[in-house]
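Asks: With the hints as your guide, set chain Y onto chain C.
Which chain is which? The protein sequence lines are C and Y, in order.
Here the first sequence is numbered in my numbering, starting from 1 and rising by one per residue.
Here the second sequence is numbered in my numbering, starting from 1001 and rising by one per residue.
For the record, the hints were derived by calculation from the structure and aren't laboratory data.
Hints are supplied without guarantee of correctness; some may be wrong.
Stated by the list, open to error - Only pairs whose alpha carbons sit at most 30 Å apart, straight line, appear in this in silico DSBU-like list of lysine-lysine:
1) C/K267 x Y/K1349
2) Y/K1164 x C/K202
3) Y/K1202 x Y/K1164
4) C/K413 x Y/K1267
5) Y/K1413 x Y/K1267
6) C/K164 x Y/K1202
7) Y/K1413 x Y/K1349
8) C/K117 x C/K164
9) Y/K1267 x C/K267
10) Y/K1100 x Y/K1164
Being a predicted model, the structure only gives us computed values, none of them experimental.
Number of protein chains: 2
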Amino acid sequence: MTHDDLRGIVETALHEQDRDTLVARLADQIPADLADFIEHADDNRHRIELLMALPLQRRADTFGYLTLHRQQQLAEHLPIEVLAETMTLMPADERADLFKALDEDMRRNLYMRLARKEREDMRRLASYEEGSAGSVMTTDYASIHTGMTVREALRTLRLTAPDKETIYLAFVVDSAHLLLGTVSLRELILAQPDTRVDELMKRDVIFARTDDTQEEVAKRISRYDLLALPILNHDDTLVGIVTYDDAMDVAEAEATEDMHKGATVGKLDGSFAEVSPWSLYRSRVHWLVVLVFANIFTGAGIALFEDMIAAHVALLFFMPLLVASAGNAGSQSATLMVRGMATGDVTGKDWARLLGREIFVAMALGLTMAAAVMVVGIFRAGVDVAMVVALTMIIVVMVGSLIGMGLPFLLSKLRFDPATASTPLITTIADVSGVLIYFSIASLLLDLV
Amino acid sequence: MTHDDLRGIVETALHEQDRDTLVARLADQIPADLADFIEHADDNRHRIELLMALPLQRRADTFGYLTLHRQQQLAEHLPIEVLAETMTLMPADERADLFKALDEDMRRNLYMRLARKEREDMRRLASYEEGSAGSVMTTDYASIHTGMTVREALRTLRLTAPDKETIYLAFVVDSAHLLLGTVSLRELILAQPDTRVDELMKRDVIFARTDDTQEEVAKRISRYDLLALPILNHDDTLVGIVTYDDAMDVAEAEATEDMHKGATVGKLDGSFAEVSPWSLYRSRVHWLVVLVFANIFTGAGIALFEDMIAAHVALLFFMPLLVASAGNAGSQSATLMVRGMATGDVTGKDWARLLGREIFVAMALGLTMAAAVMVVGIFRAGVDVAMVVALTMIIVVMVGSLIGMGLPFLLSKLRFDPATASTPLITTIADVSGVLIYFSIASLLLDLV
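Excised from the complex, chain C in its bound form:
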């Protein structure tokens, strides 16, 4: 049965309030798919019915796959006992995220209904700043004590497995919960049962601190191919882990944020498909208005040469093409740099070498584009203008490219986010410089002729 067939059956069952069919049909679906189903249901009443048709653990798993915004909506419609039950079975990190998103009243109400362990856990996790390692970590990690044998360690892992996000990596701690090392389940099942875990464990542990950024955490997990990264407090005690699947989500969200920034879109309150018009407006309006004012400089540049333009209106024909070319070449350089810096491909040390290469590449690009525009120029406006246009092209492409390369680097030196060097910002700077360079060259060369 295809996904669409199932969707049809489920929708009919929902409309006919046929709970038995719902329960039967949803029983063998995977949480990620169930969440998708629920997201695409007609309304929240149907969503609640779908959730209630699931057995408890499945419901908790599915709930965790919904967007935070949707979880928040549905939490308000679920009976509070059901919500408390569901949240108890959610992974600690997802539970804390949802808890943070609920309103004061609801939080108080829920709090009383949770067990002490979940309460404390949640309070701790909810206290970390958004975007920090602490805010994405989970406390459901498997720890074993220093001095244990492999046999004891395996027994501990077996006993605690149901509550842990992963048992494939176990964290060896002492009685003060200081992290001493890690040992993988692979190593444990290959070792002799009487070996001490201290002999097996890897002591050079890669870790992060609770106040490191989630971006840094995701990078480290990806760089070292880790299943999970331990998160330490400043006193070196182990307080949580971030697993690879959460790191994938963080990496995706960070890439999305960087792409949005590159087009001057600010942080959205939720996914693009789901956010409210008002939230979308707020995330977009800021830079648009700033750039309106920035673009006044380009207008002022043109105004500076008003008399000359009035005398040679034909020059205007080439203006858009020249300033756009500067902006396009600049956007390419800026995007390459910003992404290179984000992935760690480009570091500060590379700067001089990359600048040298860029001058060379931009020169070659400028020459190619000058040749293209020369052909048009000769036909349209004669050799003199064509020469001016071609010369301008080479210069503006080089200037645009160097601004595009330099600005992200400068921003990062000044401790701003290099991604602020957005395409529209680069385009605006290229527009101003393009106009000034073009008309300056034209007034110099054409007056000489």
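Replies: This is chain Y only, laid out in the frame that chain C set:
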């Protein structure tokens, strides 16, 4: 000892040809860090010395962390026996990638030096098309036979563990190597030793085909939080797996490619920091030249109104600001759409709803920006021109936004990559329409006055 201290010691050792210090100092470093060291060494001679100072398995692991381009360079400098030895110990997928990158002669030479298993494996993996699931999968997966007990399965996993990329997920196959289900090591160690794996295994397996795209593979791994995704042939036999760490690399590479595309940068031959100027030139020149010609239309649009402009040169002051605003709003919409479609946030069904929301948001943005420009307009050019400029602003921001939203969608309907709706392309289209709209409105309204 910090990373930089170590770097100093290693560099001194390299210059003094002090091999013992090298061997001792590098002994407890992690492959990912060692690869970083090697990448940043002065030249290939030093890189080879560093590699040769590592024990064999460590050398193979480290080699795999180098960029493919670097592996290819170093392969030419390593003695062929050492290369064969190293490649034998590399994971199957990395070995096949490197093999594909070597030249004919070297391949033949190497081929003779590898064992039959590695040879066949490599030949098979190297035959899949670049960017397909087959090309990123590895054949080092753990399989167990249907009918085995948990005890037998665990014994099999223990015996084969050293050669497998992961033993945390085992694939249950029949004698024809058809994939019947998966069972996790967690489930195996929790189960009774006499249970049959067939009772434990999950039969609804998420998988991909060898000719699915690597992007699809990464998406599926991320969506279902998998440790590894099985890759099937068209006859449903299991031929490989893709592990989560490779999926992370694919997701990062795909995001980079999409960002580059968004700024009209084509596929690079390697990482941005490392590619040759010529390769960088080729990846950038194509769209730049296309857009030079596309921008002629904007020039032609201006030429259409040459007489009016000559009479009212003051109008030019507002032109850059208006066309830039249209382009900026359009870039925002296009970037939001392209990324939303890439992550699966936006699907075809959302289109009508998103369009409705966009009209609303673009109207609000246009009004805000019109208000901003109105103030400037009145001071600069009087009420009449200010009215024309404000009205134009509202219209061009809406037109730009709708083009930005519509183009990626249209491209995907026509089976092109929506990411082709790059910011420079949107800006160019917005420029042309902006010029035409502005001067049309101006000629209509200002002639009336």
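Asks: Each hint needs a verdict: does it hold in this structure or not?
Replies: Hint check:
1. Taken as a hint, the C/K267 and Y/K1349 pair is honoured in the structure, with Cα atoms around 24 Å apart against an allowance of 30 Å.
2. Between Y/K1164 and C/K202 the CA atoms are separated by roughly 20 Å; this keeps the pair inside 30 Å, and the hint holds.
3. As the CA atoms of Y/K1202 and Y/K1164 are separated by approximately 21 Å, the hinted pair is consistent with the 30 Å bound.
4. Using a Cα cut-off of 30 Å, the hinted pair C/K413 and Y/K1267 holds, with the two alpha carbons roughly 28 Å apart.
5. About 23 Å separates the Cα atoms of Y/K1413 and Y/K1267, which keeps this hinted pair within 30 Å; it holds.
6. Between C/K164 and Y/K1202, the direct Cα distance comes to roughly 20 Å. Compliance with the 30 Å bound is thereby established for this hinted pair.
7. Restraint check for Y/K1413 and Y/K1349: the C-alpha separation of about 12 Å stays at or below 30 Å, so the hint holds.
8. Note on C/K117 and C/K164: the hinted pairing holds, with a Cα-Cα distance of about 14 Å set against a maximum of 30 Å.
9. Distance check on the hinted pair: Y/K1267 and C/K267 sit about 28 Å apart at the alpha-carbon level, within 30 Å; holds.
10. This hinted pair checks out: Y/K1100 and Y/K1164 have alpha carbons roughly 22 Å apart, not beyond 30 Å.
In summary, the structure agrees with every hint in the numbered list given earlier.
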